[in-house]
Amino acid sequence: MTLMTEQTSNALPAADPPAGGPPTASVPTADPPATAAPAAPQAAPIAQAGSSHARTIAVAEHAAVTIEHVAVGVEIEHLNAYYGQHLVLRDITLSVRPNSVTAIIGPSGCGKSTLIRCLNRMHEVTPGARVEGQVRLDGDPIYAPGVDPVVVRQRIGMVFQRPNPFPTMSIFDNVVAGLKLAGIRDRALLEQVAERSLRRAALWDEVHDKLHAPGGALSGGQQQRLCIARAIAVEPEVILMDEPASALDPMSTLRIEELIDALRTSYTIVIVTHNMQQAARVSDRTAFLTVGEDRAGYLVEEGPTAQIFTNPRRRLTEDYISGRFG
Amino acid sequence: MTALPAEARRVRTLLAEHRPRHGESLFRGLVVLASLTVLAVIAGLVLVIAKESLLGIAHNGVAFLWGTTWDPVHSVFGALPFIYGTILTATSALVLATLIGVGVALFLVELAPGWLARPIGFMVEMLAAIPSVVYGLWGIFVLAPWLRAYVEAPLHDRLGALPFFSGNPIGIGNMAAIVVLTIMVLPTVAAVSRDVIAAVPDSQREAALAIGATRWEMIRVGVLPYARSGILGAGILGLARGVGETMAVTMVIGNAPTISPSLFAQGYTMASVIANEFTEATTDLYRSSLIEIGLLLLIITLFINAVARLLVWRVAYSATSRSLLA
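Residue numbers (the numbering used here), protein chains in the order written: chain A, 1069 to 1394; chain B, 569 to 894.
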């Protein structure tokens, strides 16, 4: 893990690495606080736009956040995804920057969820589903022969659309389930990790006195934060969120968004959402996917969130953002 | 506002005038009658059996439940050997069938590809379609000699000092009955377990995979805990079948009213004694005592079935209520 962190800090200063470019191509830097730099160019277009939107303020604040934990980037290279013979994603090439929130938006059926399920090799769990192309996690190809998907999933956590705690397990056991699977039995360590993860998931205050109550007894919003705690307990480098608030009420949604904002300092986050306001509120960068004539999803454009929402390069994006379709 | 077209007015008039009401009440009457018939049959059955066993209950008293002597000639009726034989064979078969059946179910749902799962699932269900007298024939002519030569004799030679393996290994006896019952109960347990395991939401499997579970860990953490009460229900449905099974057991158990811990010993079950002796029941008391055993059997199976149904329903209900939440 230490080695990983060093490699990552090397890759970070490249504020705008070419898509698919190997991390080693970037200029190394030694000073960790400098890793906040990539956020600055993202803030710039907002000033140009001069919008008084709430999201502008939110995005601008991110630039000031100090990065406490260096996460890694994900490079998606010419990715095709299939269900059986049916192509659902065509030739996606996309660079996800470390320590940022990347939102994936697009109309229903464009393959948003499939795309992030390809990033932790969850797509192939569905019978008949397969993937072509490559995804690199901090430079490591996750679709190389011999790569164990289990190891990939330990490095890339996932939060799902519907809260899915293990209903028969206690809150405590839910949080440390991944650690227990990995064979960690040290009670003191498990307790430390459980508390730390629940605190970071903003759930500790609500559950600290009932850690041994079943996880299924919590409210929907609490269950989703429990699932986030469970995902971060295994210290992943990237967290994937598949419409994490779509099954929740507005108050719970707000809490999840606040949580995403807090987690960006420690993780690389990729969030799929069909709620454009949510994408604008929480993300640094946005990728817009749509469905082609052949019903396969493809990437229209990707860029700083403020730019995508105020000054998109492509007409399709503008039509979608302004609500003309989707 | 334009006037309604003529045909639309005609439709409205016809609908208002001519609503066939009598069909409604006829239909309602028929289905109510059908369900009342079922209730009447059960009530009638219980009443007649209870009435016919009154003579036996009066003569034998409560000691019927723990009396070990069954001597119709001297009018001494104790049902314990039959209760013991029933419980021994049915619960042993239940344990074996649950272990195998859950394994089969997990294979069919979690591991086998569709082209293999369908024929195997079909064959497992076919086991339930084989008439029980055929199982009995197979038990007498194939299973019992085979058990005697290759299982009982070696066990007796090596572990004969243990009470379970004492006595003469002749093939016919408790062990043969347990094996035949296991095979007969297996389809029930496997089929219900398969349905219960298939009803576990995929979100539970994905939750386990996302934190780095292997296939087996996913089953252990995400599938079995969720399905456990349903599997318990499957086992109890199997138990009910094992308790009531008559023909095949009668043919292989040896039909001796003894209470022995030995798997080689000959035993007797409640169902077997009724089937074997009702033609010889020459006195009213003898006949009534047999019916009293039938009453006992009825109460036990109804109770077991009720418990099993409740458990299976609880799982099915919690699964649907969870999916309705979203």
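Derived from the structure by calculation, the hints contain no laboratory data.
Idealized CB from N, CA, C, for every residue including glycine.
Incorrect hints may appear among the rest.
Negatives, chain B to chain A, calculated, CB over 10 Å [as the list claims (entries may be wrong)]: (1) PRO573; (2) TRP634; (3) TYR794.
Partial list, computed: chain B residues near chain A (C-beta under 7 Å) [to be verified]: (4) GLY780; (5) PRO825; (6) ILE872; (7) ALA874.
Simulated restraints on C-beta separations [as the list claims (entries may be wrong)]: (8) A:ASP1208 x B:PHE690: 41 to 51 Å; (9) A:LEU1322 x B:ARG788: 30 to 40 Å; (10) A:VAL1193 x B:THR581: 56 to 66 Å; (11) A:ASP1159 x B:ALA680: 41 to 51 Å; (12) A:PRO1195 x B:ALA849: 55 to 65 Å; (13) B:PHE871 x A:PRO1282: 25 to 35 Å.
Against the structure, the hints come out as follows:
{"no.": "1", "hint": "PRO573", "in the structure": "holds, 36 Å"}
{"no.": "2", "hint": "TRP634", "in the structure": "holds, 39 Å"}
{"no.": "3", "hint": "TYR794", "in the structure": "violated, 7 Å"}
{"no.": "4", "hint": "GLY780", "in the structure": "holds, 4 Å"}
{"no.": "5", "hint": "PRO825", "in the structure": "violated, 44 Å"}
{"no.": "6", "hint": "ILE872", "in the structure": "violated, 24 Å"}
{"no.": "7", "hint": "ALA874", "in the structure": "violated, 24 Å"}
{"no.": "8", "hint": "A:ASP1208 x B:PHE690: 41 to 51 Å", "in the structure": "holds, 45 Å"}
{"no.": "9", "hint": "A:LEU1322 x B:ARG788: 30 to 40 Å", "in the structure": "holds, 36 Å"}
{"no.": "10", "hint": "A:VAL1193 x B:THR581: 56 to 66 Å", "in the structure": "holds, 59 Å"}
{"no.": "11", "hint": "A:ASP1159 x B:ALA680: 41 to 51 Å", "in the structure": "violated, 34 Å"}
{"no.": "12", "hint": "A:PRO1195 x B:ALA849: 55 to 65 Å", "in the structure": "holds, 59 Å"}
{"no.": "13", "hint": "B:PHE871 x A:PRO1282: 25 to 35 Å", "in the structure": "holds, 29 Å"}
In summary, the structure is inconsistent with hints 3, 5, 6, 7, 11 from the numbered list given earlier, while agreeing with the others.
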